[in-house]
Amino acid sequence: MTQSQSNTAPSFVKRDSAFTVQCRVLHALILRELKSRYGNRRLGFLWALIEPLMFISVFVAGFQLIGRSAQGGIAAPLFFVAGFCPFFMFRDVYSQVFGGTKGQQSLMMFPQVTRMDILVAKMIVTVLVSILVFIVLMVGLYCLGYDYEIEDILGAMIGVFLICAIGFGIGLVLGAITIRYEFLSSITSLFMGRPLFLTSGLFFSASMLPPKVRDIFLYNPLLHCIEYIRSSLFLSFSSRYVDLPYVIVFALVLNSFGLMLLGFFERQRK
Amino acid sequence: MIALENVTKSYGLGDQTHRVLDNISFRFPYRKSVGILGANGAGKSTLIRIIGGADRPDTGRVIRTSRLSWPMGYSGGFQGALTGRENARFVARIYGAPFAEVERKTNEFAELGHYFDRPLLSYSSGMKSRFAMSLSYALDFEYYLVDEALETGDARLKEKFRQIFKERRQTSSVILVSHNEQTIRKNCDVATVLHQGQLHYFDDLDDAFMLYRKILFKKKAA
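Going line by line, the protein sequences match chains A and B.
Each residue of the first sequence is one higher than the last, beginning at 83 in my numbering.
Each residue of the second sequence is one higher than the last, beginning at 795 in my numbering.
Since the hints were made in silico from the structure, they are not lab data.
Note that the structure is a prediction, hence the values are computed from the model and not measured.
Note that beta-carbon positions come from the ideal geometry of N, C-alpha and C, so glycine has one too.
Be aware that a few hints might be false.
Quick list of the computed label-pair ranges, beta carbon to beta carbon [to be verified]:
id, chain 1, residue 1, chain 2, residue 2, range
1, A, Gly144, B, Ala894, 21 to 31 Å
2, B, Arg821, A, Tyr263, 30 to 40 Å
3, A, Asp325, B, Met795, 27 to 37 Å
4, A, Tyr263, B, Ser819, 29 to 39 Å
5, B, Gly907, A, Phe279, 46 to 56 Å
6, A, Ala100, B, Arg821, 18 to 28 Å
7, B, Ala894, A, Pro277, 51 to 61 Å
8, B, Gln990, A, Glu133, 50 to 60 Å
9, A, Gly126, B, Met795, 54 to 64 Å
10, B, Arg813, A, Asp325, 27 to 37 Å
11, B, Asp816, A, Leu236, 51 to 61 Å
12, B, Leu1005, A, Cys105, 24 to 34 Å
13, B, Glu905, A, Val335, 47 to 57 Å
With a straight-line cut-off of 25 Å between C-alpha atoms, the simulated SDA-like cross-links for lysine to any residue are [as the list claims (entries may be wrong)]:
id, chain 1, residue 1, chain 2, residue 2
14, B, Lys838, A, Lys117
15, B, Lys952, A, Lys184
16, A, Lys117, B, Gly854
17, B, Lys838, B, Gly854
18, B, Lys838, A, Phe346
19, A, Lys184, B, Gly870
20, A, Lys184, B, Lys838
21, A, Lys117, B, Gln873
22, A, Lys184, B, Val856
23, A, Lys184, B, Gly847
24, B, Lys899, A, Phe347
25, A, Lys184, B, Lys980
26, A, Lys117, B, Ser923
27, A, Lys117, B, Gly907
28, A, Lys117, B, Lys899
29, A, Lys117, B, Val856
30, A, Lys117, B, Arg887
31, B, Lys826, A, Leu343
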């Protein structure tokens, strides 16, 4: 094969480093995601508030009916906010990542945009919005007269980070597997729905469970995260059952496994 | 530099795997317009997706150290709920180009008027492709990736885009994929023929057309 000469680019053209390009792409994708999800609709962010608000109200009302206004030593609304918000955060990150592994993303037609960029941008936007919802609800309750003292804000942030990391990891693993084995999607949605909702400690804490049930539930890393977030947030709540190393290892294994699987199945995409 | 290094890509069809690109190595010449001719099903779209990074090769790699466009005129990567300006800004951002200039040039080429600040969803398909084409020209690429269609709009706009393309050919490189000899003849300096997973290079367009015709007619005879 003969090729003509002068086929190299002039050397004076400045090249951006891979890191610069990466940051630029993420920045652009995040802004785009924010704008298209919340930008043009005034009510966009309100919708994000409404779902957890509804769930929490229903549970508060239900507990009121059976005559309980406190749970685990804290007022019921506070207890539920610290349970539902992190859980929804996990669920939203998971479903964004899971959905993002599907389909030919037309954005990838831009040479410097990779699927991982898209997933990371989606995750960041989801997490930011969920954290904002969490903060708004917490502040709202405080204004309504529910007094609390935050014990360890760093701990709460670590808990939030871990629960999101698990959501990202599960999204990667299940998303990658269902690229190839699509029929598994119905099973994954079954497993990701009610079982996790019921065992993650949204409306109970680990110490309220019978020991035998507790031992089983504690395999669920989300329960650890939520317990950890609660005990970091509220001085009057503490948990003896949180096993952070377990959660960290869980998240690490899921994410590395998920990255591997996605790399593998991405090539087999039709 | 834009180059393919031992790029192989197969697709599974049941138990058979069909090797669309078979260990292709090719360096796209700088400041030349390269045509890639291929019959239907020869793997042209796969090749363009791999050059542009939308698909990954099974083995081998693509070297992209020059500013490479997305397939010209392709508007699938835009967000319909956002305005033309917002989409232009998004693209400027990922390429690290100055917003103001990109926005100005895009609207200047596309002549969208106040539609530039309306959501893309409200565009007609003609406006959309005009927008996509103009945005590609508003950024100064070193390599333009072109998939078939270069023409859009009415006669006057067509002439305008033809003029811009002619200018760009002087300063940038073009990678144009087509099944049409005429398209290649009009727009390219050199050509390659994609056939059975291989890329055959010719300095002279006529030599490329000769091989291409041979391939087409053999196919019909078989």
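Find the hints from earlier in the document that the structure breaks and name them by number, from lowest to highest.
-> 1, 3, 9, 10, 12, 14, 15, 16, 24, 25, 29 and 31
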